[in-house]
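Sequences listed follow chains A and B, in order. Residue numbers 202 to 689, in the numbering used here, belong to the letters of the first sequence in order. Residue numbers 202 to 689, in the numbering used here, belong to the letters of the second sequence in order.
The set of hints was computed from the structure by calculation and includes no laboratory data. Backbone N, C-alpha and C fix where the C-beta goes; we use that ideal spot for every residue, glycine too.
Part of the chain A face toward chain B, derived, beta carbon under 8 Å:
| # | residue |
| --- | --- |
| 1 | Val301 |
| 2 | Ser607 |
| 3 | His629 |
| 4 | Thr638 |
| 5 | Leu657 |
| 6 | Phe662 |
| 7 | Pro663 |
One-letter residues, chain by chain:
Number of protein chains: 2
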Amino acid sequence: MVSQNDVDEILNRSRNAFLIFKNVPGKKRAELLRAIAAGIEGSAAKLLPVAMRETNLPEPRLAGEVARTCNQLRQFADMLVEGSWVEARIDTALPDRQPVPKPDIRKMMVPLGPVVVFGASNFPFAYSTAGVDTASALAAGCTVVLKGHPAHPETSNAVADVFSAALAQLGLPSDTFLHIQSPGFDVGRMLVQHPHTKAVGFTGSFSGGKALYDYAQQRKEPIPVFSEMGSINPVYLLPGALKSRSEQIAGQYAASVTLSVGQFCTNPGLLIAIKSQELDLFSAQLATAIGKTASAPMLHKGIAENYSKKRTEALSQKGVTLLGQGNGDADAGHGIPTLATVGGKDFLENPLLLDEVFGPYSLLVQAANQDELEMIAGSVAGQLTTSIIAEQSDWGQFGSLLQTVSEKAGRVIINGVPTGVEVCPSMHHGGPFPATTDARFSSVGIDAVKRFVRPLSFQNFPEQLLPEELKTDNPLGIWRLFNNQWKR
Amino acid sequence: MVSQNDVDEILNRSRNAFLIFKNVPGKKRAELLRAIAAGIEGSAAKLLPVAMRETNLPEPRLAGEVARTCNQLRQFADMLVEGSWVEARIDTALPDRQPVPKPDIRKMMVPLGPVVVFGASNFPFAYSTAGVDTASALAAGCTVVLKGHPAHPETSNAVADVFSAALAQLGLPSDTFLHIQSPGFDVGRMLVQHPHTKAVGFTGSFSGGKALYDYAQQRKEPIPVFSEMGSINPVYLLPGALKSRSEQIAGQYAASVTLSVGQFCTNPGLLIAIKSQELDLFSAQLATAIGKTASAPMLHKGIAENYSKKRTEALSQKGVTLLGQGNGDADAGHGIPTLATVGGKDFLENPLLLDEVFGPYSLLVQAANQDELEMIAGSVAGQLTTSIIAEQSDWGQFGSLLQTVSEKAGRVIINGVPTGVEVCPSMHHGGPFPATTDARFSSVGIDAVKRFVRPLSFQNFPEQLLPEELKTDNPLGIWRLFNNQWKR
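All chains should be modelled from the sequences, with the hints used to inform the complete structure.
Have a look at this one:
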């Protein structure tokens, strides 16, 4: 059990390490991220069996996740070596300007301070100990206190060992990355409310993410909390597409719902279409596709029990009927792939149907007509993603739907499914509340670094006191806005 | 008195206007900002006498502020015409990639929605009705609901008329900018807590700014609040500088403290130096310079009364003594220029001495030695600015001071005073809490637009559905990160 004294000591250590680490050049931080990536790859043979045992995820899925994690670390390393991410702006002095001289002012991003990161249950590598929150915070020049997810403690410990080795190898302060494990609920509050903590990263449930956010707002000094929380990732299926490729869509959608036993934050939990004969055919095809799917054990007992409970509750709502289900043994912790349906009117009257059922569950909402479909689109809260499956011919009629969903999602997908989050600069993994607590920031891609920095202006600094990024002759060769011109 | 029904109607109108305005191209929004600037310049002969009467500020000061306001509007217009501010990132598809194809993803910034802006008392133009919050929100594509500051209602009305004319002239929705006035305290809460409100801009007191922030966090859907609040803008005067140019510094500092009767958020309220014979000389020079300053009426009666009360309270603290004061008639609403002093030990023991005294008041803290000076630097909370007056020879000894203050300020100034906020891209006007509620954003300069946007990813969009900024052939000619290369 971690006490308040323990938390004080941990954050003091992290703060002291920050005073050193914040001045470590970007290229050296890049070396650290590469050393961590190499260390994880080097330990993969040891890590994978541990993670398989702790998460029930199959080896190919975890091996893919390890590759993704190392790829993420290296993308941040590349970003640091390139260097332009600091958003340098330079305006040189005009000492003779009237009525007052213009001073020399330069600006760049600097790190916030110690960041507390909470590991996620469903990604033991990519969103946990060495995941994107940690990678982006270290890239920013922040130190990290990582609270391991209690569902995979041994994996988390083994990854933390990689950090220790990498920091030692590069002669960086060992407290740059601190790893703690504690089953207690209070430790989260203590970590978030410690005065040395300057930002928080979290991936998980709405209740957990919102609680951390509220703790942070109750501090004397509020701090940013980046909670990536639940999402039902609506998919709108338009009439033209339904007519032309119903069976293909059913197969693609069923695969997306059931991928990794539905344990993705981008899992499509809601499918909306307008009632028609074609929809009847499609729903039968989708029910069949889902019915053919075999299940597997979910991440851990708690998640499986929660899925079973939420699924039962969802299926018992007014107007909801079961259309199809796959095979599996709920008592053995399997998540049974499930397709349910409901009419648009019943859906609009029951906000509970907007709740996420974390697992391989999806609800097909059959709208009476286009008006009802647009009302449904208007009733949905903020989402990580929203997809529209459409033919060219659909856009004339459904242009306003695209407008509506664009306001409510962080990523809009046309003719695709939401699962599969590409790690690249154009990926925004975030979205309006309640998908996240801050729609303005992404937890995937190099822009995730922006969560952990703030701008600092340097006015009238002698050259030798300026950071390399802002020296006049641009020794790092980065892109800068120099007297209103982009230059490097 | 504005009721909840009125607020509902206002935000509904703003929301409906947003549905149109968000799709207005950047170049057209630039025309709007230019038309507003031209309208303000065209009305200046009418606006200035009204503002002079309402704020007690002299004509040259207000004429300068009008010029600054129009300059700001035009800087945002230039930014929109140039277009790269949307941070476009494009990653094209790799359909043959193994093991899974890479989809086409593109990302850019989109507006948040209706923004509520609260006018400031001390800048009837530059931080009020047509100020930087309004300008940056409109630049972002957001609509604005402006609550005029009750201290200058006629000025605010006259500026609002300029918006109406500019919107009509360009055929844009009249509700793009809505102006309300209400003396009530409740209306602020209702505006911030209305579900259609998506962000808030405020410049003013800590109590006001923090209350709005808390209202926003109590919403079902929390929203960003950019409150720029109080700051005492510490100035550290190092021994070398004190030795070499004591009198020049005294004159410069006295001018900064008393400029515009001290009614700037960047007013230097705290001067810290190490006890010495040179400091005795300097403090006498500074007391003389302040004593020579004539006062003038403050913005309004409430501010003058508050200054008088806070000044009396500050002067009555343990160990605080009056060093010098200028001339003026407090009963006539003048703010009496005041220099007080206190020893480092008394200062460290009394947190009340860190409170802002809004007006021409400054406290010289005499530290016993370097250790005490560094302890004082460590005890200070977040600030808009921190200045260090130093000779080259001081840096060897005081490098760690620069490290400390850099963590606590949004702008660090060497050998200058904090007043005079240049409007340019490198200016960060913001800072760690309690200077603002969000250290990551500036309320001056074109980067202020970042407060009112969020990223949106477009995955697998057909060309004709993409915004101009993201079309493959780059019709706007903007800078974009295209497959990891900066191009335009």
